[in-house]
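Peer 1: Keeping their order, the protein sequence lines are chains A and B. What the first sequence shows, in our numbering, is residues 1 to 156, in sequence order. What the second sequence shows, in our numbering, is residues 1001 to 1125, in sequence order.
Since the hints were made in silico from the structure, they are not lab data. The structure displayed is predicted, hence computed values, not measured ones. Fair warning: there could be bad hints in the mix.
[Unchecked claim] Example chain A residues on the side facing chain B (calculated, C-beta under 7 Å, incomplete):
no. : residue
1   : L53
2   : E57
3   : P69
4   : E90
5   : Y103
6   : R104
7   : A105
8   : E106
9   : I135
10  : V153
Heads up, the beta-carbon is just placed ideally off N, CA and C, and yes, glycines get one too.
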Amino acid sequence: MKFLTRWQRPELATWPTFERVSNLREEIDRLFEAPLAEWARSSQLLSGWSPALDVYEDKDNFVVKAELPGMKREEIEVSLQDGGLSISGERKSEEKYEEGEVYRAERFFGKFQRTVTLPTPVAADKVKAQYKDGILTITLPKTEEAKPKQIDVNVS
Amino acid sequence: MKASVEKDSRPARERTVAQEFVSPEVNIFETKDGYVLEAEMPGVSKEGLEITLEGNEITIVGHRHAEPVSGELLLRERRELDYRRVFELDPAIDTGKVSAKIEQGLLTLTLPKSERVKPRKIAVD
Chain A
1 MKFLTRWQRP
11 ELATWPTFER
21 VSNLREEIDR
31 LFEAPLAEWA
41 RSSQLLSGWS
51 PALDVYEDKD
61 NFVVKAELPG
71 MKREEIEVSL
81 QDGGLSISGE
91 RKSEEKYEEG
101 EVYRAERFFG
111 KFQRTVTLPT
121 PVAADKVKAQ
131 YKDGILTITL
141 PKTEEAKPKQ
151 IDVNVS
Chain B
1001 MKASVEKDSR
1011 PARERTVAQE
1021 FVSPEVNIFE
1031 TKDGYVLEAE
1041 MPGVSKEGLE
1051 ITLEGNEITI
1061 VGHRHAEPVS
1071 GELLLRERRE
1081 LDYRRVFELD
1091 PAIDTGKVSA
1101 KIEQGLLTLT
1111 LPKSERVKPR
1121 KIAVD
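With the rest of the complex left out, here is chain A (with noise of 0.2 Å):
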């Protein structure tokens, strides 16, 4: 099952104490509590990696941050196709260290792609990424239409 959360914690590696028993505890606890996305991305494990990702909205903005350290811009492609926001690209190990012994591999590498549907339509010439401490950040403006108005009705 450890294998399956991304934040596993490392010394449940280790034959476990009491405290950690409750570490597990807690662990198992927050898998039923997770949202059903949690799962989708944890089955992804087999495929892939997969970044990461919250979304919010305002009233004028959809603003989606996704967690992909260690990359350099060029390897991330966002686009908008069909009202979803894809965000792809591969992440490639570096070949320095390779000839080293290795001690741990966590880190995933290789390629992603992370889909989300848009609820309402967004002005796709006004969309802006920015990639900071290796989280991605779109903005995408809502088109006019799909903001909400308030129509003042006079009363007589």
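Please arrange chain B on chain A, whose structure you already have, making use of the hints.
Peer 2: Chain B only, in chain A's frame:
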């Protein structure tokens, strides 16, 4: 770092007050000159990084500086907690020469071995 044993070295009292941390994913390589440790800490910049060497242990702490986003959350997979992980060091490491850099949320620690333990060729007269 020989066995890369990790343990929670904080006193029990401190642990119960527990600030919750996430453990960064790491890769560790050994080369003939030393060790290289990479830790994934998205959201952490140079200013948020705290690396402490104490005895034969190195503690890595990363504080996130999350810029608040207004609005309603439609999907939440990220956990915006600080990072923390402790490693036990191989005694062969020259702790005076440990260096660190962080780029796009990836911390790279370089832990060179001290000269006396490096394999060395002896010239024969």
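Peer 1: Each hint should be assessed against the structure and marked as holding or not.
Peer 2: Tested hints:
Proximity of L53 (chain A) to chain B holds as hinted, the smallest CB-CB distance being about 5 Å (cut-off 7 Å). A cut of 7 Å between beta carbons decides the hint on E57 (chain A): the least distance to chain B is about 5 Å, and the hint holds. Against a cut-off of 7 Å between C-beta atoms, the interface hint on P69 (chain A) holds, since the closest Cβ of chain B lies about 4 Å away. Proximity of E90 (chain A) to chain B is violated relative to the hint, the smallest CB-CB distance being about 15 Å (cut-off 7 Å).
A hinted interface residue such as Y103 (chain A) counts as satisfied when its beta carbon comes closer than 7 Å to some beta carbon of chain B; here the least separation is about 4 Å, so the hint holds. Against a cut-off of 7 Å between C-beta atoms, the interface hint on R104 (chain A) holds, since the closest Cβ of chain B lies about 4 Å away. Because the beta carbon of A105 (chain A) sits about 5 Å from the nearest beta carbon in chain B, less than 7 Å, this interface hint is met. Annotation: interface hint on E106 (chain A) holds; nearest CB of chain B at approximately 4 Å, less than 7 Å.
At a threshold of 7 Å, the smallest CB-CB gap from I135 (chain A) to chain B is about 5 Å, leaving the interface hint in force. Interface restraint check for V153 (chain A): the shortest CB-CB distance to chain B comes to about 26 Å, outside 7 Å, so the restraint is violated.
Checked against the numbered hints listed earlier, the structure breaks hints 4, 10; every other hint is satisfied.
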